[in-house]
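Chemist: Line by line, the protein sequences are chains E and G. Just so we're aligned: 116 in the numbering used here is position 116 of the first sequence, and the numbers increase by one with no gaps anywhere. For any residue, its number in the numbering used here is found by taking its place in the second sequence, counting from 1, and adding 337.
Since the hints were made in silico from the structure, they are not lab data. Glycine included, every Cβ here is placed at the ideal spot set by N, Cα and C. Just to be clear, a hint being listed does not mean it is correct.
[Unchecked claim] Straight-line alpha carbon distances no greater than 20 Å define the calculated SDA-like cross-link-like pairs of lysine to any residue that follow:
{"hint": "1", "chain 1": "E", "residue 1": "196", "chain 2": "G", "residue 2": "742"}
{"hint": "2", "chain 1": "E", "residue 1": "187", "chain 2": "E", "residue 2": "226"}
{"hint": "3", "chain 1": "G", "residue 1": "426", "chain 2": "G", "residue 2": "449"}
{"hint": "4", "chain 1": "E", "residue 1": "192", "chain 2": "G", "residue 2": "738"}
[To be verified] To be clear about the criterion: a stretch of chain E counts as covered by chain G if any three or more of its residues have a C-beta under 8 Å from a C-beta of chain G, and this derived list gives those stretches:
{"hint": "5", "region": "11–23"}
{"hint": "6", "region": "26–34"}
{"hint": "7", "region": "49–57"}
{"hint": "8", "region": "307–321"}
[Stated by the list, open to error] Reference listing, derived: stretches of chain G covered by chain E, where coverage requires no fewer than 3 residues with Cβ under 8 Å from a Cβ of chain E:
{"hint": "9", "region": "338–352"}
{"hint": "10", "region": "505–519"}
{"hint": "11", "region": "552–564"}
{"hint": "12", "region": "780–793"}
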Amino acid sequence: MKKLVRETTSFSARIKVFIKDCPLITALLLSTALLSIAALIGMAAGKYDWNISMNHPAFAAILAGEHKTEPKGGSLILKNIQMSEASGLSGKENEKSTPQAIASDTEKEPDKHPTQYVPRTPAPPRSDYYNDPQCTALTTEYNYIQADDHYFDDALFIGDSRIEGMCFFSNLGGAEFCYKEGLTARKLFDEKIATKSSSYETVTDLLSNRQFKKIYMMLGINELGYNNQEKFAQKYAENLNVIRQLQPDCKIIILGIMNVTAEYSNKDNVFNNDNINARNVAISALADGVNTFYFDLNPVITDETGGICQGYTWDGIHLKAEYYHLCDEFLKARGIP
Amino acid sequence: MVFSSLEFLFRFLPVFFILYFVVRPKYRNVILLLGSLFFYAYGEPLYIILMLASILVNYCLAFKISSDKRKLWFLLSLFYNLGILFVFKYINFFTSMVNTAFGKDLIPEIALTLPLGISFYTFQILSYMIDVYKGDCRPEKKFLNFACYVSMFPQLVAGPIVNYPEIRRDLNRKRFAQLKGIEKGAAFFIIGLAYKVLLANKIGILWNDVQTIGPYGINTATAWLGSLGFTMQIYFDFFGYSLMAIGLGMMTGFQLPDNFDNPYCARSVTDFWRRWHITLSRWFRKYVYIPLGGNRKGRAKMVLNLFIVWLLTGLWHGAGWNFILWGMFTFLLLVIEKFCTLRFLEGKHWLTQICSRLYMLLIIPVSWTIFNITDLTLLKNYLSRMFCIPLKGSVLGNSMANLARLFGNYWWLLLLCLLCCTPLPIKLFRRYGRYIWFKILLFVLFWLSIYQLAIGGSNPFLYFRF
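Bound-form chain G, shown alone (with noise of 0.2 Å):
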């Protein structure tokens, strides 16, 4: 189930906050588990065995690894995460390798499909049991709770990654329903669908419409038109499901944590990387940068830190060559950012204003690119187009009239998600939240976005007219 889905919004969210919120307090945990269960088992009926034997071996293991062999046990637990996350998102990446490796089918292929949402449970896990060993945090003693801080269905399949420190007075506490909050959940949920609704999903199809021609077909124009568009998608569908999933945090009672923080309006990698899916950047920063050194252990093993760092969200991000091409391209960026020209690009004069803009506006689109594309060949093609490099065998007929069709369809699209990548939206919302007119305003876009769904469901070609 996903949460911009008629069966999310008007089946199970309206049953589950019924239950919720009929319990008394105390038991508002099981419902919560239960709920999440049901919301899992839902779309993955097999696969929830797997989240199921993941929360019972580490609920187990938290308490040996707070015993003595404390080690021993906390290598089993990574070795049986990890282990886990290995078989089910990389083993056809890596037998594929080595097959290609070897030039032979040495292991024969297993094509298991990627459990929904395991990068994202088994790195809460795994910075829970890390907590556990280095003694930052007490093993939890309630199983429920526990339970709960893996599978909750608002955090489940997206994120944000939560750290159990953070939640777990939440989860103790009795949560009785605060209406406020309730209501501020609501207007955050409804911002959430309306960007993933009405913008992503729009302004998505203007990738699919740039893809279908291919990049044999249109001109370097075109090629970063349907770049920007694919920008816009992934933010706002990303960033859309964060405050969806933020937002039912609220109204069932926990504070999950912000992911984004205006990332389009980063003046450096360094910094979009800092508000960008803040929560994943600060497991990597807490779990593997600084355990292995940062940046004090001398310029040259800060270099290696980073490049294993990026190795690694390269490869959580998918398993694909794309993907680790997109961690490399976003380490160099960093590196060099690091050492020459991280102080000019954060300067306050405004020309330096204008250079760091411009200079993101060119490498984030580049970058989205590369991890969108998983076919290499493709990949070469588009780039070559996006940087004017000829491409053998074009067909560009008249590629103008066709940039001129895309941008004369989509430019208001454009126009308004670049206003939203502003914080100004947010910053409306804090200041007039509370007003009537705000509400409306929600109450429509709430139905809007409902609309769409609505006449997708019913008819998918209404947004891919052929």
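Just chain E, with the same shape it has in the complex (with noise of 0.2 Å):
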């Protein structure tokens, strides 16, 4: 049966035969214009960014979700950056300097190992997530042991699908490894997370029941896109805290997040070697060299183009399994005594 749209028949009967026809179709559209509506009320309401662009319908911020984003801020380090420059403290003059950021609160004592800095080509931020440093955090200084079969029987990994890698492929004795692919710093003890040897659902269960000695922690990579490096420093910061409370005699070990292959850096504005290196310079901070120490896997996985081997990794960020062995022997060259 075919039924010809002619032009004779008035506007109301054409309506009525295509809603008879085209059920289908008349449902996408009613659906797709209540939705937009809904969207545009939304953002002239101020719950959602006003973003539409060519792929991004409005109503694409209420299917994903999109609640107005917080205020970036950042620019306080930046004012840091220039201050220090205006004085003459980084920059090429000095060879080491210290980190403007986080660290300008935290008094210093002679005992402790504070994170030490070297400077870095100047890379212009691609996101307002991320301010450049312009400094390169080093693992922390101190007179480290070579780790013997047993050092890590007591040690605890955290972290995201990196640490994920680790335990199943690295071979560090009777280390426990938890972990969770996508796991952030803002939201470490909510998650369900997987475990090597036991049966415990969240960070908080493992933390309260088992006592380690050290615990070695990388999280970062999944909130790269969420807010800039200071607060999640504050956010790593208060992790910290918890953890510590919870675990009174451990060394807390902040790992690096590692960086991604220079390819895959150089096309996302975001998951990128600089927006990395900013964060792992605000984390770095938090270290002391007496309980807390930040480690910086990158040098044994980078080449010269400071991303990731190419050959290391098939998708760019994660190592194959046959490299995870760098690593061990990074971490088992840095026995803390």
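Build the complex from these two chains, which are given one at a time in their own frames, with help from the hints.
Modeler: Rendered as structure tokens:
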């Protein structure tokens, strides 16, 4: 049966025929219209950011639950850099400069080993999720020992999919691992996690029920597109305090976020090595070289581009199974007596 | 622009359809052409010149071919079309091959990006030119019609590869808005969209997860699981795209040919290639295999013809050694089947039914693995892993736990994919497509897909969580 829409029929009759013959398309059109109107009202009321583009129709804001983003701030760090530049503190004259951001409010004491920094070629930020700290944090200086076979028996690794990879492919004796793909510092204690050898369901459970001597933590890559490095470090510090309360005798080792490949980094304005570096600089300032340490794994897995060696990874982010031993060696050489 | 994107679905498509149906039927080809050119230019602002040049040159050459000195003009058109394809698709591969063969940089490498859809539209043009040359098809007088045939956006980027005679009637007739056809087209489109977004994109992550670990860190079962993941991804990606194309064709008043016929239900490689990417296989059969003599000139000649066809099919899919290898793998299997196993495989006995299905379950993932891994060392390692050949320097760790993790994450999706590989969904659609509950189901599938696209757009890392 062919129904031709003839021009002689009236408008309302044509609409009726359309609805009768194309209920699916009618429903799609109506639902799109309704969602769009709702989204536009939401935008006008300030619930969502006013964000409409070719690949972002208004209603996408509702579907993706994009509530108004918090102001990203971050001007503080920029100011500090400008100030320190003016006073000649950073830049090439000084071999090692102190961090400008978070560390400014931690008091330095003589027996501590605060994180050291080396200047870095400035890279203008490519998104408003980070500022360029113009330096790179170094692994905390300390009289490390070579770890023996049982050194990691009382160690715990917490982190995202990269720690998951370590759990499966590194060879660190009896270490415990707890991980979740996409784990972030801002939701560290809320998430359901997987562990290597116990059955606890959250980080809190695990930390309340078993005492560790060393806790290694790598977090942050999943929140490169959230807030800025300052707020990230703040949240990180809060997490460290919670861990410290549950585990009073442990050394906490902050593992700097591992870089991605240069190829990946160049393509992405948010998930790039500059952003990772900015966040590493921020969290490295939390280390004091007494109870909290900062380890930077990047020197053993990256090449001269600053990204992970291309051959070490398939997706540009995770190490292939056979390269986790590089991390093992790095960690084993840095036992804390 | 790809079909499964918000910009296509909510920007391009509504504007296009409003314009398309507002104008009188005789002007619809103009809108179709303009829409298609915009569709192409949006993603490839530069290479649209190349496509327009191809259209213009071939439009003119077709008349020359049907005049005297036809052979010369025909060869010229072949030279032009294959030359363009060679320069833009194979030149990098060719120069690197020459340079490796001579051990030095004889030819400087030219880095050209592959123009979108060039393999598809060049093949459509070629089929038209050959048809005109052989007298199977009159040269098209209306430039508009020919330009529409080459550039029609539903099939421009990923097929189906249409012959001109198939579409000529639709291009020439007045295509009135037929509401039933539009509704049915939308249904096809939504099924395709759901296949692409909800199945292919999701199961694709399984292959990604396995490759991320790399062959040194997985056991044999995990390697097969990863291959199976890609097997599903490529099918639902491609089949989904074809369904979307067919749906769009219906909505605009064209009948595009089917491209898939439940290929994973095939019981031999021979049968598989009658069911997978049908319009490509028929292109090679009609324009290469049969002109070469097909199977009518003795067994040796037939094997040679098959070899040529599959070398070309491999190369058509991509400029890389693994594609050649993949073509040769298929060629070998086809020859073996032709000479010994086909009769057994296609037998009716229940035991042979089981055997042939097991055989395909083994062959298909292996073949897609060769197809998908462009790095030959990686390919060698991955295949070694699949066939239990020990790899030096493996870091298996707790590989069973890893397998359990991956299987735990994906088993339900794999099951769903397997179910959708059977003829069941299409049967259901044929039987119940007109019912309201089926339309509600399609409505839900549509918004689920859009939801996935929307969250993927604002945060691509919901797909790839680190």
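Chemist: State the violated hints by number, sorted upward, taking the hints as numbered earlier in the document.
Modeler: none
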